[in-house]
Amino acid sequence: MRIGYYPGCSLLGSSREFDESTRAVLKALDVELVEVADWNCCGASSAHILNHELSIALPARILALAEQAGLTEILAPCAACSNRLLSAQQELEKHPEMLAGIEKAIEMPYKGTVKIVNILEVLDRLKDLIAAKTVEPFAKKVASYYGCLLVRPPRVVNFDRPEDPQSMDRMLRAVGATPVEWPFKTECCGAAFSVTRTDIVAKLSGKLVQDAVKRGADAIVVACPMCHSNLDLRRAEINEYLQQEYAIPAMFITQVVGLALGLDPKALGLHRHMVPVEFAETAGVQS
Amino acid sequence: MSSGSHHDHHEDTLAWRVQQATGVKLAHCYQCGKCAAGCPVADQMDMPPCQVFRMLQYGLPQYDKRVLGCEGIWLCLACETCSTRCPQEVEIPKIMDFIRGEALRLNLAHPRSKDILAFHRAFLDSIEYTGRLYEVGLVADYKVRSRHFLKDVMLAPKMYIKGKLGLLPHLIKNRRGMKHLFKQTIGKG
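Chains S and G, in that order, are what the protein sequence lines are.
Note that this note's numbering has the first sequence beginning at 5, numbered continuously upward.
Note that this note's numbering has the second sequence beginning at 108, numbered continuously upward.
Honestly, I wouldn't trust all of these hints.
Computed, partial: chain G to chain S, Cβ under 10 angstroms [unchecked claim]:
1. 117
2. 119
3. 123
4. 126
5. 204
6. 261
7. 272
Listed below are the simulated DSS-like cross-link pairs for lysine-lysine, each with C-alpha atoms no more than 30 angstroms apart in a straight line [as the list claims (entries may be wrong)]:
8. S:31 to G:258
9. S:207 to G:258
10. S:31 to S:270
11. S:98 to G:132
12. G:269 to G:280
13. G:132 to S:207
14. S:119 to G:290
15. G:141 to S:211
16. G:286 to S:98
17. G:280 to S:207
18. G:269 to S:119
19. S:131 to S:145
20. G:290 to S:98
21. S:218 to G:269
22. S:270 to G:141
Rough simulated footprint, nothing fancy, chain G against chain S, three-plus residues with beta-carbon under 8 angstroms [unchecked claim]:
23. 38-46
24. 49-56
25. 103-112
26. 270-281
Think of the hints as simulated: they come from the structure by calculation, not from any bench.
Just so you know, these numbers come straight off a predicted model, no measurement behind them.
From the three backbone atoms N, C-alpha and C, an ideal C-beta is built for every residue, glycine too.
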């Protein structure tokens with residue numbers, strides 16, 4: 005399989021282990037990633053706050069570049085990126101009168117032919133192969149955390165169930181993990197308030213961490229860099245808010261799958277987390 | 108929805124401008140309160156989303172002004188829980204985006220929006236000049252704009268050790284194109 009790849013900015017910096025683990029896992033599964041050349045930021049959670057047209061033009065440039073490279077499908081592992089790309093694509097479909105202005109801004113033709121997929125969709129296609137190649141089952145209890153942007157708004161993302169999604173749970177079961185019953189699957193972590201309103205992030209993410217532990221989870225599994233950085237980089241603030249030391253690690257789904265495939269924890273970027281990925285008995289994790 | 112929605116037709120009301128710009132009809136909201144019930148930050152808002160809509164439905168200048176000046180619109184995380192659960196499929200975060208823009212345009216934005224705005228402006232500046240988000244630059248720029256110089260000074264060295272802080276920006280090749288893109292969109296207003 006060959007697929008276009010849009011890593012996005014977080015995957016070059018604060019969430020580079022998501023990029024590393026995505027590349028490592030897909031390589032192990034013989035998927036060739038073709039990175040979109042000279043890609044730009046999608047505008048994430050900022051552009052739409054300040055200017056609607058900008059929030060469409062930024063993703064449109066990425067999609068137009070992918071079209072020019074002859075790509076028909078691109079994987080955007082970051083949930084915020086895939087959400088913004090899908091939003092822009094649909095806005096332009098719904099409002100063709102905007103197209104001329106957008107094409108003028110991006111200085112390229114835009115056809116809207118590229119299919120945008122998230123990491124869970126790609127892993128799901130490879131589920132049988134992953135199950136067959138699993139050498140070290142991830143025999144842990146896990147809380148599958150989808151967050152907001154993978155499943156909402158349903159009319160934009162059209163992916164899984166918006167209230168009780170199942171795709172990540174299925175993948176985790178395929179690699180030997182046991183997802184716990186967890187009502188926080190799609191609750192918000194505080195998203196882009198990480199820097200400006202850390203108090204809100206501590207509270208919202210704190211509730212998630214507390215309940216995941218209460219339900220016996222050994223790890224919280226995520227597929228979004230913002231969710232991960234709030235649960236991992238902001239753990240000190242979370243623990244201060246909760247007045248307790250919670251040590252449950254937050255892991256990317258690609259890291260969990262990678263461990264199950266027997267890949268080197270370092271190649272999966274496990275050493276980059278603030279909250280160490282350590283369990284009472286180890287499952288393919290050597291520290 | 109022609110009956111009982113007289114407020115939709117007064118061109119000087121915020122409700123009318125919302126509809127013109129976003130296509131969302133505020134008259135569709137029948138005040139079930141589901142949006143506020145599911146909103147993760149409703150408890151922090153001076154005015155939860157359903158109340159914002161109720162105020163706008165009146166179409167009265169003094170209520171429009173209270174909405175434009177409230178803090179709640181700046182706390183919306185765009186998590187889309189409200190719009191997903193809304194029985195009338197009102198696209199609430201889209202309305203919030205527009206109202207925030209109007210609050211800025213009319214110089215009525217709540218004073219506590221300053222930090223949040225500083226962050227978004229720093230974010231967009233970073234993209235405009237480099238094409239990609241430069242996280243170190245973003246945080247530095249935010250500190251200067253918000254004057255919160257000591258925020259997260261302890262976190263940065265830890266992130267550096269973990270290889271999570273690139274000290275140099277990632278520059279795209281077509282930076283001229285990026286400037287042009289900004290000029291043609293946000294730079295027009």
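Structure-based check of each hint:
1. With 10 angstroms as the threshold, the beta carbon of residue 117 of chain G stays out of range of chain S, its nearest partner Cβ sitting at about 23 angstroms, so the hint is violated.
2. Against a cut-off of 10 angstroms between C-beta atoms, the interface hint on residue 119 of chain G is violated, since the closest Cβ of chain S lies about 22 angstroms away.
3. At about 17 angstroms, the closest approach between the beta carbon of residue 123 of chain G and any beta carbon in chain S exceeds 10 angstroms, and the interface hint on this residue is violated.
4. The closest approach between the C-beta of residue 126 of chain G and any C-beta of chain S is roughly 15 angstroms, which is over the 10 angstroms cut-off, so the hint fails.
5. For residue 204 of chain G, the suggested interface contact is upheld, since its CB lies about 6 angstroms from the closest CB of chain S, less than 10 angstroms.
6. Annotation: residue 261 of chain G was flagged as interfacial toward chain S, and the flag holds, the nearest CB pair being 8 angstroms apart, inside 10 angstroms.
7. Checking residue 272 of chain G against chain S: minimum C-beta separation of about 7 angstroms stays under 10 angstroms; hint holds.
8. Only pairs whose Cα atoms come within 30 angstroms are accepted, and residue 31 of chain S paired with residue 258 of chain G is rejected, the gap being roughly 39 angstroms.
9. Between residue 207 of chain S and residue 258 of chain G the alpha-carbon distance is near 18 angstroms, which keeps this suggested pair within the 30 angstroms criterion.
10. With a C-alpha separation of about 15 angstroms, the suggested pair residue 31 of chain S and residue 270 of chain S falls inside the 30 angstroms cut-off, and the hint holds.
11. Straight-line distance between C-alpha atoms of residue 98 of chain S and residue 132 of chain G comes to about 17 angstroms, which keeps the hinted pair within the 30 angstroms bound.
12. At roughly 28 angstroms between alpha-carbon atoms, residue 269 of chain G and residue 280 of chain G fall within 30 angstroms of each other, so this suggested pair holds.
13. A hinted pair counts as satisfied when its Cα atoms are at most 30 angstroms apart, and residue 132 of chain G with residue 207 of chain S does not qualify at roughly 33 angstroms.
14. The hinted pair formed by residue 119 of chain S and residue 290 of chain G meets the criterion: a straight-line CA distance of about 28 angstroms does not exceed 30 angstroms.
15. At roughly 21 angstroms between alpha-carbon atoms, residue 141 of chain G and residue 211 of chain S fall within 30 angstroms of each other, so this suggested pair holds.
16. A threshold of 30 angstroms between alpha carbons decides the hint, and for residue 286 of chain G with residue 98 of chain S the separation of about 27 angstroms falls inside it, so the pair holds.
17. Pair hint residue 280 of chain G plus residue 207 of chain S does not hold up; C-alpha atoms about 41 angstroms apart against a cutoff of 30 angstroms.
18. Of the pairs offered as hints, the one joining residue 269 of chain G and residue 119 of chain S is violated, with about 34 angstroms between alpha carbons and a cut-off of 30 angstroms exceeded.
19. A hinted pair counts as satisfied when its Cα atoms are at most 30 angstroms apart, and residue 131 of chain S with residue 145 of chain S qualifies at roughly 19 angstroms.
20. The hinted pair formed by residue 290 of chain G and residue 98 of chain S meets the criterion: a straight-line CA distance of about 24 angstroms does not exceed 30 angstroms.
21. A C-alpha spacing of about 29 angstroms is found between residue 218 of chain S and residue 269 of chain G, which places the hinted pair at or below 30 angstroms, so the restraint holds.
22. Proximity of residue 270 of chain S to residue 141 of chain G is assessed by CA-CA distance (about 45 angstroms); at most 30 angstroms being required, the pair is judged violated.
23. Beta-carbon proximity to chain G at under 8 angstroms applies to 4 residues in the stretch 38-46 of chain S; the threshold of 3 is reached and the given coverage holds.
24. Given as covered by chain G, the stretch 49-56 of chain S passes the check, having 8 residues with a CB less than 8 angstroms from a CB of that chain where 3 are the minimum.
25. With 5 residues having a beta carbon nearer than 8 angstroms to a beta carbon of chain G, the stretch 103-112 of chain S meets the requirement of three or more and the stated coverage holds.
26. For the stretch 270-281 of chain S, the stated coverage by chain G is satisfied: 4 residues place a CB nearer than 8 angstroms to a CB of that chain, which reaches the threshold of 3.
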